[in-house]
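Undergrad: Protein chains in written order, with my numbering: chain L, 1 to 477; chain Y, 478 to 844; chain G, 845 to 1059.
Keep in mind that the hints are not guaranteed to be accurate.
As the list claims (entries may be wrong) - Chain Y is faced by these chain L residues, among others (derived, beta-carbon under 10 Å):
#1 Phe-108
#2 Asn-268
#3 Lys-270
#4 Tyr-271
#5 Arg-278
#6 Ser-352
#7 Glu-356
#8 Arg-433
#9 Pro-437
#10 Asp-442
Claimed, not checked - 20 Å max Cα-Cα, derived EDC-like pairs, lysine to aspartate or glutamate:
#11 G/Lys-1028 - Y/Glu-529
#12 Y/Lys-768 - G/Asp-973
#13 G/Lys-918 - Y/Asp-774
#14 L/Lys-270 - Y/Glu-509
#15 Y/Lys-523 - Y/Glu-798
#16 L/Lys-270 - Y/Glu-505
#17 Y/Lys-750 - Y/Glu-566
Hint data in this document are derived by calculation from the structure and do not stem from the laboratory. The beta-carbon is built from N, C-alpha and C at its ideal position, and this holds for glycine as well.
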Amino acid sequence: MGLSLHEVLLVYLLTPIAGFLDGLLERITGFLVPPLVGAIEFGAEQTGFRVLGYLAQGISYLNWTRFPLRLSTPFMLSFLTAAVAAVLLFAFMMVNVLVLTWLERKMFSRMWDMRGPMAASLNNMQALWWVFVVAGLAALAVWVWVAWFVYPGEVADSVKIAGVALGGFVAFGSLLWTRGHLEGAGFMQQLADGNKFFLKELIIPRAADLTIYNLAPILFVSSSIVLIAAIPFSDGFFAVDTSMGLIFTMGVFAVAPLAVLGGGWAQNNKYTLIGGMRSAAMMMSYEIPLLLSLVPVFIFAGTFNPLEIVQRQVDAGVWFGTGTFFLAPLVFMICLVAEVERIPFDLPEANSELVEGWVTEYTGMRFLFLLMAEYIRSFVGAAILVLVFFGGWTGPIYAALAPTLVGILGFDLAVLFMLAKIYLVFILFIWIRASLPRVRTDQILQIGWHRLLPLALIAIVIAMFMQFLDWTSWSLF
Amino acid sequence: MAQMWVSMGPQHPMTHGLWRLRVRVDGEIITEADPDMGWLHRSVEKLTELYEYPFNTIFTDRLCYASPLTWSHCYVAAVEDLMGVEVPERARYMRVIVLELQRILSHLMWFAAYGPDLGLFAAAVYGFREREDFMDRIQELTGQRLNYNYLRIGGLKHDFPPGWTDRLLETCDRFLPHLEEYKGMCENNSIFRMRTQGVGILPAKDAMNLGVTGPNLRASGVDYDARVDNPYEAYGELDFPKVVATEGDCYARFVVRLYELEQSVGILRQAIKQMPDKGKYRARAPRNGPKCDRVFDGTGVARVEDSRGEAMFYVIGQGNEYPYRVKIRSPAYTTIGASPVMLVGSRVADIPVILGSIDMCIGETDK
Amino acid sequence: MAGGRKVVAKRRVTTSAASPDPGHLGARHSSKSGVAGSGGDSSPEVLLEELEELLPSVILRSAVRLQKHELRIKVGRDDLVRVCTLLRDNLSLEHCTLITPVDWVTHWSCVYHLFSYSRRPLNLEIIVDLPRAEPWVDSITPLYAGANWHEREAYDLMGIDFRGHPDQRRILNPDWWEGHPLRKDYTWDMEPHKIGGFVPLFEIKGGESGGNTNL
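Whenever a hint applies, use it, and build me the whole structure from the sequences.
TA: Laid out in structure tokens, this is it:
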């Protein structure tokens, strides 16, 4: 088993860097502080500003050797590691979200027999496009320089913002000038959409409860990012190796409805309020079967650590999904669709009756991040499904292929294999979304309590029975 | 929990146009509903008094963006009744063909709009895909894609282009397999049935008393179809079944419209087969209407089966080239007026399902 | 979930459009479920006879158009509700299609179009004349619920007062609208109206509209 991202960062990256930076800082302070104090004192004498004198005195009183700003202390190192790891995970998830949204649109266009996103591509009118990009960026830079540094305070804020928006529009919006070609596979559409969200105005309702209004997206998005922390993508690619991995992830899943309820209430809008209420009701009815459908896996594996669960499946030579005759994965999958609020269970944002549900009053980047967070949640849910029920990265053929592949390539492809499996599950989500209408509020609760909860309990009973019969040693599956 | 008023519209995905629905909800249950119309009022009735008889088709075309031809036909039929114009036989068959083509277009538009109401976006894409094929036909015929301006008093603007009916038949042949897809997607979809069956029930007695007409009435079990029971144009010479369901819920309304698509294709095929090859496509119409002697003579009435129900024009002449009064009876107007009966007791989530199933068109509603 | 729903598609017997056999149609449709009615003749002449027999000296004037299955009668303003009650309850005209107010400059008319499903395609036009000074007539909304919005529209656009109407408000025009636009003496030389009429939650200060967000 390899090292976690946390350990890699800590041991190989941040400890040396922190040590180097500490040394640098010590030298800099040693070289710089006495001349700096001297310079300030000189200035104070010449100009007669007593404040400068106090400043120089204060700096010289600070004993830099006694109170060093040291990055290599254990506290600072763990803090830095967490920060860097969070940023890396965020970047990883953002790239995945780009792929997921692109995949969803492409699948929709296949299933619905329509043209998907193909308009924005780099290949058509390339020269003109670069001219526009460079010109737009140059205009942006000139405008920023003029507005902020040459005439500070003389140019109204709105004019400044308009200039930035204009430059950005010319630079990034020219992506949209290249339309009508199939080249580029439509991936540029993601950039164009992102650009659109960047330039949108952030509209805040005047009667909104500002604290909760601003807090809710932060809570929703950050809890969605935290979800990925305990998910391994191979035995050498994971952020944290903790024995409480799955329980932690499920707990973090349950944070989001709080944000939805609070955000829905804080926007002071009846649609969002109803959306938030629906989300709370759904949380009550779907979290329980979601967790219960994981219990068979805990029974089989005897641990909450996803790495170990995958290892147990390798050892036994079976997938835990088969242990309950695919009942537990089925329940988990349906609950997951409800958990991540996708059609047919997207009641909190049912956009034909509640406009955009609980996100109605969020615009621009807030809306974009909320949208992305939902894809992250789908991704994580699919990852858990693959990990605990379908063998994770070991898969049906990869375990046999891996030694050969490593021998040829020199490195492991387990992460890509895992990602491919996650995308397969996500394609299943897309398929469901493309072909089913939305379920009503009372019906969704009925499905949760009357169907999924008993099914999850039955799955647990089956799992206990199978474990009693020691099914993993049958080597039948 | 206290009850609260929720205002939906005039800009709301549910409204399919420009109107407002105020509902009072107790949690998710609707206890009171109050439709608020008039956001798209363009005073067509007043405008038609200011223009000569033939020019008024530009307003009647714009009554409904989804079925301009049926509305113009209704106006033209009323004026023909007023002036006593006899429409040539070939023109009567041609009118049946374009009217049924328009009905298919309108019902496909409704199908495409009903899908997203339920969260089933596939229906929108499929519906518009097939609609596009029929749009090509009507574009070949009239040169327009929205307001066709094809009906004339006494007939039609021009004859069918050569080979057009054959292409129309080919389009119908292409369309019917897709209709089976729709049925598979909706009738065999248990979530779709869960959402629509037993929702927004309108009993037959209420439907008649509330003035609900057309597919919505037939879905409630009243087997009245003006094309069959009060035939106009060449419908009386054609043989086709009425589509009737009995439950009166959203699913019944959905199914009636879906099967009416099939019915319309059948009528199209029959009408093309029976249409005389030679003949005039337009009769000469007088310029002036008769003078009305205080309503008893000199009025023209046309009741036709629009895609949304019974459309009616009531035209009063004044002896010159201008009508004295034109009154429009919009089926969607009375149906939306009847919507509180269906809405009260349902849930907020049912609002788009119910209102989508009655097939609103706000252009004709607000006139 | 009821799975076994089937569409009842009924095949129609071909009849000529010019002269459909009323007896045949009546007999066919009188047996239909869900349609209450006497199942009588669809001929307008028969309806006229029935009316004259049940309500003598109410019909001021009448005309029959056989081809359209249409009967036109003129009744007095006070008799309207009586006639409509009879028509709905005893003569099975279940459907109020349209209410048209007409502004003859000397007086007003209200034209009621009724229709019968059980005696299809029988339809009836009732004309009520109202004096110029008193544009009011009794509401038939208690009889025909579908007349509700037609009467509201007639009130809104023509200014006819329907007495006994449960909810007589403007419908197509906003509540603050002055005048009734379909009247022949409606003046046009006024400030252009704009749609609005809602009360803004917050007053927006400044601007040419003086804080009126409706403009």
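Undergrad: The structure should be examined with respect to each hint, and the outcome stated for every one.
TA: Hints, verified against the model:
1. For L/Phe-108, the interface hint holds, the least distance from its beta-carbon to any beta-carbon of chain Y being 8 Å, beneath 10 Å.
2. At a threshold of 10 Å, the smallest CB-CB gap from L/Asn-268 to chain Y is about 13 Å, leaving the interface hint violated.
3. A distance limit of 10 Å between C-beta atoms decides the matter here; for L/Lys-270 the minimum to chain Y is near 5 Å, and the interface restraint holds.
4. Taking 10 Å as the C-beta cut-off, the interface hint given for L/Tyr-271 holds, the closest approach to chain Y being about 8 Å.
5. About 8 Å separates the beta-carbon of L/Arg-278 from the nearest beta-carbon of chain Y, less than 10 Å, and the hint is met.
6. For L/Ser-352, the suggested interface contact is upheld, since its CB lies about 4 Å from the closest CB of chain Y, less than 10 Å.
7. The interface hint given for L/Glu-356 holds, since its Cβ lies 9 Å from the closest Cβ of chain Y, which is under the 10 Å cut-off.
8. Here the hint on L/Arg-433 is kept, as its CB sits about 8 Å from the closest CB of chain Y, short of 10 Å.
9. Because the closest C-beta pair between L/Pro-437 and chain Y is about 4 Å apart, less than 10 Å, the hint holds.
10. Taking 10 Å as the C-beta contact cut-off toward chain Y, the hint placing L/Asp-442 at the interface holds, the least distance being around 7 Å.
11. Distance check on the hinted pair: G/Lys-1028 and Y/Glu-529 sit about 17 Å apart at the alpha-carbon level, within 20 Å; holds.
12. Proposed proximity of Y/Lys-768 and G/Asp-973 is supported: the alpha carbons are some 18 Å apart, at most 20 Å.
13. Between G/Lys-918 and Y/Asp-774, the direct Cα distance comes to roughly 13 Å. Compliance with the 20 Å bound is thereby established for this hinted pair.
14. Annotation: proposed proximity of L/Lys-270 to Y/Glu-509 holds, straight-line Cα distance about 16 Å (limit 20 Å).
15. Annotation: proposed proximity of Y/Lys-523 to Y/Glu-798 holds, straight-line Cα distance about 16 Å (limit 20 Å).
16. Annotation: proposed proximity of L/Lys-270 to Y/Glu-505 holds, straight-line Cα distance about 12 Å (limit 20 Å).
17. Simply put, Y/Lys-750 and Y/Glu-566 have alpha-carbon atoms about 14 Å apart, close enough for the 20 Å limit, and the pair holds.
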